[in-house]
Structures are given as structure tokens and as C-alpha cells.
Amino acid sequence: MNNSAGDASPRGFARILLCVDGSFAAAHAAAFARRLAGSGTTVRIAGVVENPRNLVPLGPLAGFDQSAAHVELLEDTEVALATAREAFAGSPATVDTQLIDLVKLGGDVPHAIVAAAADWHADLLVLGARQHHGLLRWVEGVVGEPVRRLARCPMIVVPAQTDVPGNGPPMRLLFAVDGSRTSGDALLAGARLAPAGAAIRVISVIDRAVRYGDFVPVTLFEEAIVEEGRTRLQRAEALLAHLPDVAQVSMETALIETCPDQDDIAHAIAREAEGWRADLLVLGTHGRRGPARWLLGSVASRVARITKTPLMLVLVRGSERQLRDIDGE
1 MNNSAGDASP
11 RGFARILLCV
21 DGSFAAAHAA
31 AFARRLAGSG
41 TTVRIAGVVE
51 NPRNLVPLGP
61 LAGFDQSAAH
71 VELLEDTEVA
81 LATAREAFAG
91 SPATVDTQLI
101 DLVKLGGDVP
111 HAIVAAAADW
121 HADLLVLGAR
131 QHHGLLRWVE
141 GVVGEPVRRL
151 ARCPMIVVPA
161 QTDVPGNGPP
171 MRLLFAVDGS
181 RTSGDALLAG
191 ARLAPAGAAI
201 RVISVIDRAV
211 RYGDFVPVTL
221 FEEAIVEEGR
231 TRLQRAEALL
241 AHLPDVAQVS
251 METALIETCP
261 DQDDIAHAIA
271 REAEGWRADL
281 LVLGTHGRRG
291 PARWLLGSVA
301 SRVARITKTP
311 LMLVLVRGSE
321 RQLRDIDGE
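94 is the number that UniProt numbering gives to position 94 of the sequence shown; each next residue is one higher, with no gaps.
No lab work stands behind these hints, which were simulated from the structure alone.
Heads up, a few of these hints could be off.
To be verified - Cross-link-like lysine to any residue pairs, in silico, SDA-like; alpha carbons within 20 Å at most:
{"no.": "1", "residue 1": "K104", "residue 2": "N167"}
{"no.": "2", "residue 1": "K308", "residue 2": "N167"}
{"no.": "3", "residue 1": "K308", "residue 2": "R201"}
{"no.": "4", "residue 1": "K104", "residue 2": "A115"}
{"no.": "5", "residue 1": "K104", "residue 2": "S67"}
{"no.": "6", "residue 1": "K308", "residue 2": "P260"}
In this text, all values refer to a predicted model and were calculated from it rather than measured experimentally.
With these hints in hand, go ahead and build the complete structure from the sequences.
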């Protein structure tokens, strides 16, 4: 893990698709994407021109000039692309732009970005959390197929409230794990962004706010979930220990708890990220099955809604075999 601000490690992401509009959140997303882009990186900045007919379906009946609206949307998107490209001035990365006009291509914004990422073989997608037409909704499980298709590559959501200091890669990476294959995959993906000298903190959350009923002895149950949390962290450490250059980063683990009342796992994770001053928070988008699961799309979605920390979301892909190997050791 020895990539630097100016020279991306081969372990890093080589093809970053940055989605922008004219929003403040998109400007933050561009600034964060620049931090990830080294000399071995190609960044494509994509802007989607919405079809005015989708914005105002009854426009023609109300005298709405769709042609004029389309021209205005085209101009706005071109400005957004140029502004985002300026954020990469002086960057060693290769940068190009793509304007996606839905008047010509049809479809909607989420599917257009999904197609752009797939066609270009992007290995990382970066977007602002408050882009037009609620792009943040893509991370919600209820969106279904668009999310699954989009999650073929990891996605970083940069909140509008985030502070993006400096030009170097993220130095403080926080991972939340639940013992699932997905959280293992998130560890592998997020660790690709950790340069030499970075600090990695892996947490597992104990939900004290859950009510299990009188049929479960509370003390016995809490002891069991604490032990399970420790096991999750041990497995995470074992997975990270297999990565190249692991000695060049500092690692720590911690069990954290929700408050007994009026709290949940999403808020506990967001608080930990802010309190630890994480540069990047990494989650899997689906967790384990059964009553012990918590790191589901719904939790990731709630974290995305409340966190002020850039959030990396990873769909399970290739960590299963490595996790099985570790389990068998």
C-alpha cells in the first residue's frame, strides 16, 4: 500500500468515473476524486443532460418550451464539466469528459450513469450526495436493479457537507464490518486506497438498542454478540494481513456500541467516523443473512443520508475465496 499523492499504486483504482452537475456537492466530489488520481489513473468526468420531457411531463400542455429548456440544460452541463475538469489542473492523471444527452439517448439519469460506467469499464465511481434528481437514492436497496448494476464497481459518495482538505490520498480509513462476505470485500476494495503511512481502523458495532424479549437472557445474549464482534474483527485483521505492504500502514480494531435508547447502527458508524476524523468511511452494501445481520443496504443507505464523511460502498465480489482460506487456517 505504498501509493502517494502523485503516483498511484498498481493496487489503486485506474479508471475513475466522476459524475457531476452544477451543485456544490459535485464540486466536493471532484475535489475528492482528484485526491485519488495519480499518474497511472484515468478520470472520466461524466455529465448527464436530462430530457426536459422527464422533468416536466405535461410541459407541452402548459406551453413549456422543451427545446429552450434542452439548450439551457446542455449549457449547464457543459459548464459543470469544464468546472470539474479545472479541479484536476496540475494532476498527473489523464482526464477526459463525457456529455450524455438523454434527449438523444433516452432513458433516465441512473441508468445512463450505470451504462457509462459499464461501457467504459470503470473500476470506481465517484458522485456527490446531492446531485440533481436524488442520485443519492441509487444507494438505497429499494431502488433495486439500478443499484445492483451500478455496484459492479465500488462507489464513493461525497456529502455536500464534507471538508476535503489537501491533495493527497485519504490517510485515515474507517471500515465497519459485520463478518459477512460483503464486508470482507469492502476491506479489500477500500485498502487499495491506503497509501504508506495511512491509518486503518476497523470497527464492529454492538447494537445495545435492540430489544430481544424476555425469552432471551440479556446478559447471555450480550456476551454472545460481544464475542461475535471480536471474531469479526479478528477475521478482518487476518484478511488485511494478507495484503501487500501491510506493514506500511497502521491498523487498529475496536468494538463500538449504540446507545441503549433512541440510537441505531447507522448513527453509531457516522459518529465514529466523525469522532475519529476519518477521511473515508467504507461499508459493504449488503450484509449477512439471519437475525444477526446489520450491514444491509438499508443501513448503508441511512449512513449515506447522515454522514459528513466521504462514503465508499462496495458490493460483494471477490473476497469469498480469501475469506474461506482464512477460515480454514
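Going down the list of hints, with the structure as the test:
1. K104 to N167: violated, 37 Å
2. K308 to N167: Holds, because 19 Å separates the two Cα atoms, which is no more than 20 Å.
3. K308 to R201: Satisfied, since the Cα-Cα distance of roughly 18 Å is no more than 20 Å.
4. K104 to A115: holds, 15 Å
5. K104 to S67: Distance of about 13 Å is within 20 Å: holds.
6. K308 to P260: Distance of about 24 Å is beyond 20 Å: violated.
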